[in-house]
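Order-wise, the sequence lines are chains A and B.
Heads up: the first sequence runs through residues 0 to 284, numbered per numbering that gives the first Met the number 0.
Heads up: the second sequence runs through residues 0 to 284, numbered per numbering that gives the first Met the number 0.
Derived by calculation from the structure, the hints in this document are not laboratory data.
Be a bit skeptical, because a hint or two may be false.
Note that the list lumps identical chains together, so a pair holds whenever it fits in one copy or between two copies.
16 Å max Cα-Cα, derived EDC-like pairs, lysine to aspartate or glutamate [as the list claims (entries may be wrong)]:
hint	residue 1	residue 2
1	Lys182	Asp53
2	Lys9	Asp200
3	Lys182	Glu79
4	Lys267	Glu24
5	Lys9	Glu240
6	Lys280	Glu24
7	Lys182	Asp138
8	Lys182	Glu119
9	Lys9	Asp271
10	Lys267	Asp200
11	Lys280	Glu252
12	Lys267	Asp284
13	Lys280	Glu128
14	Lys267	Asp148
15	Lys280	Glu32
It should be emphasised that the depicted structure is a prediction, and the values quoted were computed from it without experimental measurement.
Number of protein chains: 2
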Amino acid sequence: MIRTGGRVRKSSTGYDLTRLFIGSEGTLGIITEIQLRLHGIPEAISAATCQFQDMARAVETVIEIMQIGVPVARIELLDEVQVEACVAYSQLNHLRPLPTLFFEFHGTPAGVAEQAAQVEALALDNGAEGFAWATDADDRARLWRARHDAYWACRAMRPTYGALITDTIVPISRLADAVLGVKADIEASGLLAPMVGHVGDGNFHTVILVPPEEGGMERAWALDRAIVARGLALGGSCSGEHGVGAGKRGFLETEHGAGALAVMRSVKAALDPSGILNPGKLLPD
Amino acid sequence: MIRTGGRVRKSSTGYDLTRLFIGSEGTLGIITEIQLRLHGIPEAISAATCQFQDMARAVETVIEIMQIGVPVARIELLDEVQVEACVAYSQLNHLRPLPTLFFEFHGTPAGVAEQAAQVEALALDNGAEGFAWATDADDRARLWRARHDAYWACRAMRPTYGALITDTIVPISRLADAVLGVKADIEASGLLAPMVGHVGDGNFHTVILVPPEEGGMERAWALDRAIVARGLALGGSCSGEHGVGAGKRGFLETEHGAGALAVMRSVKAALDPSGILNPGKLLPD
């Protein structure tokens with residue numbers, strides 16, 4: 000039983016075991032207790048949506064916002080397929096089935112207004128339409144509720160289908176290539192796969208709807224592999240936040256290289272010499 | 000030769016080797032190349048100083064600023080001894096030898112003004128005097144130059160003395176206890192030790208001026224140990240940023256516990272089985 004980290008904001012005393020255990024998926028030990036740092040609720044919060052005829056310009060808007068350094072709390076990108084699903088499922092009737100950005104701003108009232116004005120100007124320069132504000136807490140909650148229900152909105156499009164969620168992340172500067180490339184991959188696959196992304200991080204997901212027919216799952220996995228390969232080729236990672244588990248072990252050598260993988264294996268062997276901690280997960284055989 | 004991390008903002012694929020190597024002080028491998036993330040220069044920067052009759056109220060101001068969540072870019076605390084040294088060395092003639100806070104604010108012009116007004120109000124409520132602004136880049140540079148020269152200002156107080164720098168960090172909520180306790184430790188030691196801190200992190204240093212006489216170094220080390228012990232007792236770390244090296248190895252078991260230290264030793268043995276990487280550093284014998 001060990002305790003790692005502490006209440007200090009930084010420290011330079013020894014190996015950072017907290018970070019070693021985060022993302023180790025139970026392969027180095029079992030986490031029995033977690034203390035989280037709490038963040039205050041901002042004095043002011045506002046949210047906005049805007050829509051684009053063209054996915055490329057939606058992504059370009061995100062890149063410009065990040066590059067100019069506007070401290071937006073959340074930016075979510077939904078493609079036209081995902082918006083169509085959300086409109087149907089969550090009655091977001093003010094939205095049309097177009098590529099759409101959701102924003103949330105945190106700060107003081109003046110700071111939030113300033114951030115929002117900067118973002119609106121950048122978005123309008125990129126051809127954004129229907130910039131709509133939700134400063135009212137109920138409107139905001141409804142908007143984000145719809146975002147959180149995006150998975151169920153996808154499932155509702157094809158209730159008899161299965162679902163496979165992808166998880167790609169690329170450097171912000173490659174986000175346009177990644178998103179447009181993945182859209183092309185989806186098109187080529189012939190599958191239905193709405194896209195939604197936490198694009199302020201360069202991270203985005205698709206929900207591949209898996210046809211309930213022979214070979215359906217294989218087609219979905221093939222699309223997932225194509226999406227991962229595209230992200231890795233752009234300097235990305237095969238998982239932004241969902242982890243490796245069993246399914247993504249095969250991509251780790253491509254992403255990290257054989258040497259880094261050998262170091263990970265040494266660490267695993269040192270902390271779990273009998274190989275009893277979540278065997279068969281994270282590291283490739 | 001391995002490469003860790005990457006250009007993505009986050010990833011959840013395998014053990015975080017970058018964080019494992021940061022702060023490992025050459026005991027796990029030799030870092031041959033580093034890529035850093037660049038941050039843009041803020042649109043607006045302003046700086047301010049204010050002074051307090053009472054150290055406790057200077058620290059209380061810092062705690063309130065952090066707790067209210069004002070995103071101050073830098074807060075530095077200099078005690079009255081350090082300010083006296085800086086005034087003499089860097090001709091900061093607008094300052095009196097009193098506990099002093101230096102602030103820097105980053106953001107948009109309106110955001111910076113707003114942060115600064117919040118901080119000024121909190122400081123005045125705590126009895127701050129002589130709130131002075133330095134929006135001009137030259138004035139700001141001169142102020143921070145003086146801060147960066149603080150070590151040399153200390154040395155200039157007693158040119159024939161040596162110097163031993165301490166490095167303590169505590170949770171922000173314990174900062175007042177830590178700072179006032181360390182001031183008392185210095186007083187009790189009979190040594191001269193100006194204090195300067197990056198207190199927005201809960202981190203502060205003293206420069207113990209070491210008398211060039213028999214037993215002088217031992218007295219300085221004794222004070223250093225007292226300061227570390229006080230920080231650890233308040234839930235702190237024995238080093239906020241300077242690292243362990245040889246000098247602080249003895250505190251690691253108290254800070255992390257025997258179990259965590261055993262895990263660190265396993266990692267070290269796995270990556271450096273022959274014990275040839277910076278031997279005798281970081282981990283206690």
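The hints, checked one at a time:
1. Lys182 / Asp53: Result: close within a single copy only, 12 Å intra versus 62 Å inter.
2. Lys9 / Asp200: between (23 Å within a copy, 7 Å between copies)
3. Lys182 / Glu79: Cα proximity of lysine 182 and glutamate 79: one copy only (11 Å, versus 62 Å across).
4. Lys267 / Glu24: within (12 Å within a copy, 21 Å between copies)
5. Lys9 / Glu240: For lysine 9 and glutamate 240, the Cα distance is within 16 Å only across copies (8 Å; inside one copy 24 Å).
6. Lys280 / Glu24: Cα proximity of lysine 280 and glutamate 24: one copy only (8 Å, versus 30 Å across).
7. Lys182 / Asp138: neither (30 Å within a copy, 53 Å between copies)
8. Lys182 / Glu119: neither (26 Å within a copy, 51 Å between copies)
9. Lys9 / Asp271: This pair counts as neither: shortest intra-copy Cα distance 28 Å, inter-copy 26 Å.
10. Lys267 / Asp200: neither (29 Å within a copy, 33 Å between copies)
11. Lys280 / Glu252: Answer is within; shortest intra-copy Cα gap is 14 Å, inter-copy 32 Å.
12. Lys267 / Asp284: Result: close within a single copy only, 13 Å intra versus 24 Å inter.
13. Lys280 / Glu128: neither (45 Å within a copy, 60 Å between copies)
14. Lys267 / Asp148: neither (37 Å within a copy, 45 Å between copies)
15. Lys280 / Glu32: neither (22 Å within a copy, 31 Å between copies)
The structure does not agree with the numbered hints 7, 8, 9, 10, 13, 14, 15 stated previously, though it agrees with the rest.
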